[in-house]
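**Q** In order, the protein sequences belong to chains F and Z.
Numbering of the first sequence is given in our numbering, commencing with residue 1 and proceeding in unit increments.
Numbering of the second sequence is given in our numbering, commencing with residue 1001 and proceeding in unit increments.
There may be inaccurate statements among the hints.
[Claimed, not checked] No more than 30 Å apart at the CA atoms, straight line, and that leaves these computed lysine-lysine pairs for BS3-like:
1. Z:Lys-1181 - F:Lys-176
2. F:Lys-174 - Z:Lys-1181
3. F:Lys-181 - Z:Lys-1179
4. F:Lys-181 - Z:Lys-1181
5. Z:Lys-1181 - F:Lys-179
6. F:Lys-181 - Z:Lys-1176
7. F:Lys-181 - Z:Lys-1174
[To be verified] Simulated restraints on C-beta separations:
8. Z:Lys-1174 - F:Gly-28: 46 to 52 Å
9. Z:Val-1088 - F:Leu-11: 25 to 31 Å
10. Z:Gly-1171 - F:Gly-125: 49 to 55 Å
11. Z:Lys-1174 - F:Gly-125: 47 to 53 Å
12. F:Leu-46 - Z:Arg-1196: 35 to 41 Å
13. Z:Glu-1175 - F:Lys-181: 46 to 52 Å
14. Z:Arg-1158 - F:Gln-29: 44 to 50 Å
15. Z:Pro-1173 - F:Gly-140: 31 to 37 Å
16. Z:Arg-1158 - F:Ala-14: 27 to 33 Å
17. F:Gly-171 - Z:Arg-1196: 19 to 25 Å
In case anyone wonders, no lab produced these hints; they're calculated from the structure.
Quick caveat, the model's predicted, so the values are computed rather than measured.
The C-beta atom is built at its ideal place from N, Cα and C for all residues, glycine as well.
Number of protein chains: 2
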Amino acid sequence: MKNFGFSELLLIDAPDLDPEGEAYGFAGQAREDILPNHRRPNFETLVSEYYTVGFTAIPAENATAPVRYPVTTPATLADELTTVNAPVALVFGREDTGLNNDELGRLDRVCSIPAANNYPVLNLGQAATIALYELRDLTGASSQLPERTRAAEADIERLYGQFDAFLGAIGHPKEKRAKTKRLFRRLVGRAHPTARETATLTGLFRRGATFAEPPDDE
Amino acid sequence: MKNFGFSELLLIDAPDLDPEGEAYGFAGQAREDILPNHRRPNFETLVSEYYTVGFTAIPAENATAPVRYPVTTPATLADELTTVNAPVALVFGREDTGLNNDELGRLDRVCSIPAANNYPVLNLGQAATIALYELRDLTGASSQLPERTRAAEADIERLYGQFDAFLGAIGHPKEKRAKTKRLFRRLVGRAHPTARETATLTGLFRRGATFAEPPDDE
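This is chain F alone, in the form it adopts within the complex:
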């Protein structure tokens, strides 16, 4: 969590954490803040106060609540959550058995980490690492690498708007347009575009649309 800018640790039905014990021993610098500041809500409070995303490796076997499927993936979730206007909780199950069907059925969204079909079950620490890594741009924490941070959401939205205008200008069939826009939004969202990438693509689609629709006085 601390590696990717997260800080709010919630534990449900967990054993006590001894500052001299194993969890503190493996926690690195998180022993200074995240572990001592953790809270212990119950599951009902969690479900009522947060937008909850449950993680499970094999969603097909848990498909009791069809409305919540198809599942999302961490990369797509990163983009989805930018439009969620509520506190978000990522919910991981028990190390041995994960979340059960009843628990998954009470959460808002189900997320699966793509992995090898013959062995997709990650341990808890690995699953959380990948989820937090993919969602890191949402915390606003700056990276140790200078080169790449996700563009402002407003600029990315402008890119989507310009893409839409381009579709209109090149005569992309009206009935396909919503689907095509969704496809583009997902692809770009997964890539976490930088400000420069976003501005460049916006400019290219603007130019592409202009050429497709020459002004009347030309």
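For this one, chain F is given, so just place chain Z on it according to the hints.
**A** Only chain Z this time, still in chain F's reference frame:
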């Protein structure tokens, strides 16, 4: 490794692995194949026989070999490696001190996992998890999730070619074209486009280019 379709484990200067010991105990199903089949080359053999990618959390402090910088990130590396025509080894250092400058200087590429600026140092298991997760599409292993697999490289290349033609058709300045193509290639590469996404975008750029260059007989 097994979770993401990898199988070839190389250990350098590592202690013996006891089938009753700790490493086997934590290895899950990898105790059946990856651990017993591991090999132990020396560092010189590794460097001479593989395209080597070293992982380090804080590349600025290791900048002794400027030609290998700027560093890459796992998502970008996934795209880069599709053009490497040699066996590839991902090289992780010691749990406590990582790879030293001399070692990094002898590798072909340096990769850093973007993380929080105030605490970017991951432990070895977390770093490997993220790297293998990002590179999973390169192994050809099918995922447990039906929905998304990366398009064939030839189709993605066709998309890049069509993007280039679009740039020409809308009169994108010649001197900027190589840079813009690189930008597009990186963004799309990071997103691991599906076959449908790739085909859709290729078609849109083709159409955009056609409108920009109406045939002479119209």
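**Q** Next, verify each hint and record whether it holds.
**A** These are the hints, each one checked on the structure:
no.: 1; hint: Z:Lys-1181 - F:Lys-176; verdict: 27 Å, holds
no.: 2; hint: F:Lys-174 - Z:Lys-1181; verdict: 29 Å, holds
no.: 3; hint: F:Lys-181 - Z:Lys-1179; verdict: 26 Å, holds
no.: 4; hint: F:Lys-181 - Z:Lys-1181; verdict: 22 Å, holds
no.: 5; hint: Z:Lys-1181 - F:Lys-179; verdict: 26 Å, holds
no.: 6; hint: F:Lys-181 - Z:Lys-1176; verdict: 27 Å, holds
no.: 7; hint: F:Lys-181 - Z:Lys-1174; verdict: 29 Å, holds
no.: 8; hint: Z:Lys-1174 - F:Gly-28: 46 to 52 Å; verdict: 51 Å, holds
no.: 9; hint: Z:Val-1088 - F:Leu-11: 25 to 31 Å; verdict: 40 Å, violated
no.: 10; hint: Z:Gly-1171 - F:Gly-125: 49 to 55 Å; verdict: 52 Å, holds
no.: 11; hint: Z:Lys-1174 - F:Gly-125: 47 to 53 Å; verdict: 51 Å, holds
no.: 12; hint: F:Leu-46 - Z:Arg-1196: 35 to 41 Å; verdict: 36 Å, holds
no.: 13; hint: Z:Glu-1175 - F:Lys-181: 46 to 52 Å; verdict: 32 Å, violated
no.: 14; hint: Z:Arg-1158 - F:Gln-29: 44 to 50 Å; verdict: 47 Å, holds
no.: 15; hint: Z:Pro-1173 - F:Gly-140: 31 to 37 Å; verdict: 35 Å, holds
no.: 16; hint: Z:Arg-1158 - F:Ala-14: 27 to 33 Å; verdict: 51 Å, violated
no.: 17; hint: F:Gly-171 - Z:Arg-1196: 19 to 25 Å; verdict: 21 Å, holds
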